[in-house]
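So the protein lines, in turn, are chains A and B.
Reminder that position 105 of the first sequence reads as 738 in my numbering, one-by-one numbering, no gaps.
Reminder that position 386 of the second sequence reads as 1540 in my numbering, one-by-one numbering, no gaps.
Check before you lean on any hint, since a few could be wrong.
Computed list of lysine-lysine pairs in BS3-like fashion (alpha-carbon distance at most 30 Å, straight line) [stated by the list, open to error]:
no., chain 1, residue 1, chain 2, residue 2
1, A, Lys800, A, Lys657
2, B, Lys1299, A, Lys751
3, A, Lys640, A, Lys882
4, B, Lys1253, B, Lys1218
5, B, Lys1498, A, Lys757
6, B, Lys1218, B, Lys1435
7, B, Lys1498, A, Lys786
8, A, Lys657, A, Lys859
9, B, Lys1498, A, Lys800
10, B, Lys1299, B, Lys1515
11, A, Lys751, B, Lys1498
12, B, Lys1200, B, Lys1253
13, A, Lys882, A, Lys657
14, B, Lys1515, A, Lys786
15, B, Lys1498, B, Lys1524
16, B, Lys1524, A, Lys751
17, B, Lys1534, B, Lys1498
18, B, Lys1515, B, Lys1407
19, A, Lys657, A, Lys640
20, B, Lys1407, B, Lys1435
21, B, Lys1515, B, Lys1498
In case anyone wonders, no lab produced these hints; they're calculated from the structure.
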Amino acid sequence: MSTLEIKDLQVQVNTEDGPIEILKGVTLTINSGETHAIMGPNGSGKSTLAYSIAGHPRYEVTGGTVTLDGEDVLTMSVDERARAGLFLAMQYPVEVPGVSVSNFLRTAKTAIDGEAPKLRTWVKDVNGALEKMNLDTTFSQRSVNEGFSGGEKKRHEIAQLDLLDPKVAILDETDSGLDIDALKVVSDGVNRFRERDNKGVLLITHYTRILRYIQPDHVHVFVAGKVAESGGPELAEELEANGYDRFLKAVTAG
Amino acid sequence: MSAAAISDALEQVHVESHLHPEPTFDLEAHPVPTGREEVWRFTPLKRLRGLLEDVPSVETLEWKESLPAGVTLTRFSTEDAIALGGTAPFDRLGALAVKNAGGALVLDIPSDTEVDEPVRLLLHGTALDATVWGHLVVRIGTHSKATVVVEHSGSTTYNAFTTVLVGDGAHLDLVHVNDWADDAVHAEQINARVGRDATLRQFEFTLGGDLVRTSTNVDYAGPGGTAELFGLYFADAGQHFEHRLFVDHTAPKTVSNVVYKGALQGEKAHTVWVGNVLIRKVAEGIETYEENRNLILTEGCHADSIPNLEIETGEIAGAGHASAVGRFDDEQLFYLRSRGIEEKEARKLVVRGFFDDLIRKVTIPDLAEKLSGQVEEELKRHVLAELS
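Put together the whole structure using the sequences plus the hints.
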């Protein structure tokens, strides 16, 4: 049983024109076995939430707490957070020229487990994870994300999710830029992860489309740096029908 | 193409290039530089320890050679060595080396010979107090194939002129490893002539020394020749590594591909890369690409990167260049670390990856291994040490 607990999280970025407050007190609890969808318009701070939890240096936490099973996540370094069991599937995965997927995956797995994976089973595991994502096994010889299509990048992220097996996965707009076939492959991958014991998922998305394939237990509407409303899957249906207008108006009025 | 035909071709399309004075063995034609000239402005002349002065010396480096069957290393008089052909020195350093070396060593790979084992020349410097002049000719006959490795080590003040003659249809891999002690000074001019349909693949790995300045100048004795010039350098605090390249497309349908990559770490590490390409009027249908990338690993380093392309004919297959000086990419590090990889390990991966394509091109397994090991050692010295 794992719990990612975000309490009153406040985050700013520092720009040339001074700091800009982006997250204005976010409170969310993700228990294992639960999938939470965060939906919001562009610029609402959804991605900032994801990157702040992962520890990206661009974002400065000015208030609030984030804990994973009671451990203070915010005092951990980026890699410590990953080793503690957090995983962020990025919207724009970064190219690392000259570092092969296979070398990258082995290094990451070794770091997270604290020991090198057994060679015999590892090769099989990697090939299996790639195949499930419709990625050719020669894929592992390519440089990380270099020259990958948008779809390949996303499928590679989910293959990592499969292999690294975190406690909580944060998926930042994993659905963006995917055609329907790729979306199904990626969603199947996420669903396989959810079926494992004690896994939590925080699914960040702009569109309701992916929620047809990955059924959330909880839906949160994110507007202007905080959760504007929380509910069940029916909230996603309302957004599908009416869009974000109601929530945006509420914020402007307030 | 005969020697006369080449010189005709060169004369007919005489190009005024301020970057490349007329090549000549005549020392008088190469005045002592002031340091303000384009070709000298990056080089800290004082740190050349007198290499620009015309002072004879009988000192030599310690030579150990491993010559596979059929390959010979013979002493030639200066005149006889010059008579073998090749372009004369472009600058004073080259002219001084020829004048004062007291003859040349000629490495000969005869025609129609495939040498499987690499030819290895290990040159070791044992003293700093005297200047060592060197004159070397590497000659590979028509339709032969060989790999020649020149490894430099130790402490010295060394200036060499090397002529490389690649026969028609031949393939030469020429590897220079400049792994000097921290106090060594090394200048070298490598003038290569690539025969018709021949291939020269040159590698330069500069990893140690107080000051290393090499200039590689390539031209073509006939159409269809290919020159691939690859380099890797890793400069530490206070080191000055300068690599100058000039590819003179003197014949049609020739190809040049230049890729140099460098990493810098530590206070006042300085690297210079100058890549000049001249496409002469006669050089129709040629293809050229040059690339230099620098990775700045710590504060206080400086990388100069200057590509120049002079085009006398538009009838070419392709010409391009890329040059970049960058720091560690925070996004790359974040990505790797977000997968649990510690910062040290992430930095290692990024640097290894940066050099990976160059090291992969080295086909001698033990050398490739040694080079990646040395890159790792370099990293331990500074970038990783700071983090621990």
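Hint check results:
1. A/Lys800 to A/Lys657: holds (26 Å)
2. B/Lys1299 to A/Lys751: violated (43 Å)
3. A/Lys640 to A/Lys882: holds (25 Å)
4. B/Lys1253 to B/Lys1218: Within the cut-off at roughly 24 Å; holds.
5. B/Lys1498 to A/Lys757: Judged against 30 Å, a Cα distance of about 28 Å means the pair holds.
6. B/Lys1218 to B/Lys1435: violated (44 Å)
7. B/Lys1498 to A/Lys786: The hint holds at about 25 Å.
8. A/Lys657 to A/Lys859: holds (6 Å)
9. B/Lys1498 to A/Lys800: holds (25 Å)
10. B/Lys1299 to B/Lys1515: holds (16 Å)
11. A/Lys751 to B/Lys1498: holds (23 Å)
12. B/Lys1200 to B/Lys1253: Holds, at roughly 21 Å.
13. A/Lys882 to A/Lys657: holds (18 Å)
14. B/Lys1515 to A/Lys786: holds (27 Å)
15. B/Lys1498 to B/Lys1524: holds (21 Å)
16. B/Lys1524 to A/Lys751: holds (27 Å)
17. B/Lys1534 to B/Lys1498: holds (10 Å)
18. B/Lys1515 to B/Lys1407: holds (24 Å)
19. A/Lys657 to A/Lys640: Given that 30 Å is the threshold and the Cα spacing comes to 11 Å, the pair holds.
20. B/Lys1407 to B/Lys1435: holds (12 Å)
21. B/Lys1515 to B/Lys1498: Satisfied, since the Cα-Cα distance of roughly 26 Å is no more than 30 Å.
Violation of the numbered hints given earlier is confined to hints 2 and 6; the remaining hints are satisfied by the structure.
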